[in-house]
Structures are given as C-alpha cells and as structure tokens.
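Asker: These are the residues of each chain, in order.
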Amino acid sequence: NAGVMQNPRHLVRRRGQEARLRCSPMKGHSHVYWYRQLPEEGLKFMVYLQKENIIDESGMPKERFSAEFPKEGPSILRIQQVVRGDSAAYFCASSPPLKFEAFFGQGTRLTVV
Amino acid sequence: ILNVEQSPQSLHVQEGDSTNFTCSFPSSNFYALHWYRWETAKSPKALFVMTLNGDEKKKGRISATLNTKEGYSYLYIKGSQPEDSATYLCAFHAGNNRKLIWGLGTSLAVNP
Numbered sequence: 319n320a321g322v323m324q325n326p327r328h329l330v331r332r333r334g335q336e337a338r339l340r341c342s343p344m345k346g347h348s349h350v351y352w353y354r355q356l357p358e359e360g361l362k363f364m365v366y367l368q369k370e371n372i373i374d375e376s377g378m379p380k381e382r383f384s385a386e387f388p389k390e391g392p393s394i395l396r397i398q399q400v401v402r403g404d405s406a407a408y409f410c411a412s413s414p415p416l417k418f419e420a421f422f423g424q425g426t427r428l429t430v431v
Numbered sequence: 055i056l057n058v059e060q061s062p063q064s065l066h067v068q069e070g071d072s073t074n075f076t077c078s079f080p081s082s083n084f085y086a087l088h089w090y091r092w093e094t095a096k097s098p099k100a101l102f103v104m105t106l107n108g109d110e111k112k113k114g115r116i117s118a119t120l121n122t123k124e125g126y127s128y129l130y131i132k133g134s135q136p137e138d139s140a141t142y143l144c145a146f147h148a149g150n151n152r153k154l155i156w157g158l159g160t161s162l163a164v165n166p
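Line by line, the protein sequences are chains A and B. Residue 321 in our numbering sits at position 3 of the first sequence, with consecutive numbering throughout. Residue 133 in our numbering sits at position 79 of the second sequence, with consecutive numbering throughout.
Hints listed in this document are in silico derivations from the structure and should not be mistaken for laboratory results. The structure presented is a predicted model; accordingly, all values stated were derived computationally and were not measured. In this text, a Cβ means the ideal position worked out from N, Cα and C, and glycines have one as well. Some hints here could point you the wrong way.
Reference excerpt, derived from the structure (chain B facing chain A, CB under 7 Å, subset only) [stated by the list, open to error]:
# : residue
1 : 100
2 : 103
3 : 140
4 : 158
Calculated pairs, BS3-like style, for lysine-lysine (alpha carbon to alpha carbon, straight line, at most 30 Å) [what the hints assert, rightly or not]:
#  : chain 1 : residue 1 : chain 2 : residue 2
5  : B       : 113       : A       : 345
6  : A       : 417       : B       : 153
7  : B       : 112       : A       : 389
8  : B       : 113       : A       : 389
9  : B       : 96        : A       : 389
10 : B       : 96        : B       : 153
11 : A       : 380       : B       : 113
12 : A       : 345       : B       : 123
13 : B       : 111       : A       : 389
14 : A       : 369       : B       : 153
15 : A       : 389       : B       : 123
Just some of the chain A residues that point at chain B, by a computed CB distance under 8 Å [claimed, not checked]:
#  : residue
16 : 360
17 : 371
18 : 419
Please put together the full structure from these sequences, using the hints given.
Answerer: Have a look at this one:
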C-alpha cells in the first residue's frame, strides 16, 4: 500500500501565477486534510475533505485558495494569483473512514518569486 | 481559540540519556491526543493516538501518558539514541472534529 503521495515536491511560481498541488491519499482512505507550514511556524490546518465534499475549510484563506477531492483522482489544493506570503510547505494527510490517525505525505514546498 | 503548547522547544541530550517533553492542551471537549515524530525532509509519522484519561502507551523505548482532566501529556524516551533525533509533535482533537490542532513541536538532538 503506497503512502500518501504528493506532487510536485517542489514548485516555483512567479507572483500572480496559479499553483496546483496534488495529493493522492492512501488506498481505502476517504478523508483528506491539507496543512500549511509557514517558515518558522508550526503546522496549521487548512481544510478537511471527504470524497466530493468539503467538510471543514475554517483554516483556508477566504480568497485565492480552493480545494477539491473529486470522486476520481487526487485531491487538489489550488492557489490563484500567488503572492510571496504563500511560500510555505503544504502537507496533505489522509485517514480511513473510522479512524482518526492521519498519514502524511512528504509535502510540496512552494516558493513564490 | 484552541492552543496546544509544547515544551521545551528544543532539547540536546547525550546518547543513553533518558528524556521527556510535555504537551499541554485544552482540558474541555477532549476527544483524542496524537503524538507524531517528524524527521527532517520526511513526513510526520504517527507514534500514538491516546483517548482515555490515564492512558499509557509504549512503543519500544518511547512511551506516553495522558491526563485529560488537567490537559497534559508526557512523551518519554528511554536511553536516547542518535536516530531518535527528530521533532516530536503533539496534536489535539476537540469533540468529534477531525481537524487536528498542532503544537509547535519539541526538537530533539541526540549527540553520539
């Protein structure tokens, strides 16, 4: 069973461009979470999704950020019109339906230049 | 606002020393407390999930205790080894919410 797969591992975008981060959860996991780690800060919750549904997006910035977890395919975190302050490591985690233990991917490091 | 506090922020010990660190969390609306181990350039790996007051969990030389009434958990490492060097994170689940609230971690360095 492959772990949580995130790609790309590193992403460089110019200010104003769009960033798309992908996360394939572990097989059998229907819950996906996105976390962000800003420089010198801890992990911060962004959004929690089940297949085709956003359950909790209380940690998502109100503008430019969106997430989806379609019926088929990976979960996508999309950041439009990126700014320097979006530079961070973005981690995805997944968990099975009846358990709370989350399994993490290796993260995508976004750098906005 | 839910806060999870970890102390110390960093720790340097010699190989063979035993050590422990603390995680403090809100004592109300408790559901679960998680400990994760995070090595540099890797992803966080779950160590323990603890749900009951008085829980004690053990995995090899690492163990953890939980006090939900006063809102703290201790992680112990017996006979530290260089490969134990990592950041140890705790995370709190409130109620039945799957969202994890994270502490900033304790960074452990074990010198050979």
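Asker: For every hint, state whether the structure bears it out.
Answerer: Results of checking the hints against the structure:
1. 100: For residue 100 of chain B, the interface hint holds, since the closest Cβ of chain A sits about 5 Å away, which is under 7 Å.
2. 103: Since chain A brings a Cβ to about 5 Å from residue 103 of chain B, closer than 7 Å, the hint holds.
3. 140: 14 Å, violated
4. 158: Holds, about 4 Å.
5. B:113 to A:345: Holds, at roughly 25 Å.
6. A:417 to B:153: 13 Å, holds
7. B:112 to A:389: 38 Å, violated
8. B:113 to A:389: 37 Å, violated
9. B:96 to A:389: 28 Å, holds
10. B:96 to B:153: Holds: residue 96 of chain B and residue 153 of chain B sit about 22 Å apart, inside 30 Å.
11. A:380 to B:113: 41 Å, violated
12. A:345 to B:123: It is violated: about 37 Å lies between the C-alpha atoms, which goes past 30 Å.
13. B:111 to A:389: 37 Å, violated
14. A:369 to B:153: 16 Å, holds
15. A:389 to B:123: Distance ~41 Å between residue 389 of chain A and residue 123 of chain B Cα, so the pair is violated.
16. 360: Hint holds; residue 360 of chain A Cβ to chain B Cβ min 4 Å, cut 8 Å.
17. 371: Where the cut-off is 8 Å and the nearest Cβ of chain B is about 13 Å from residue 371 of chain A, the hint is violated.
18. 419: Because about 5 Å separates residue 419 of chain A from the closest Cβ in chain B, which is inside the 8 Å limit, the hint holds.
Hints 3, 7, 8, 11, 12, 13, 15, 17 from the list above are not met by this structure, while the remaining hints are.
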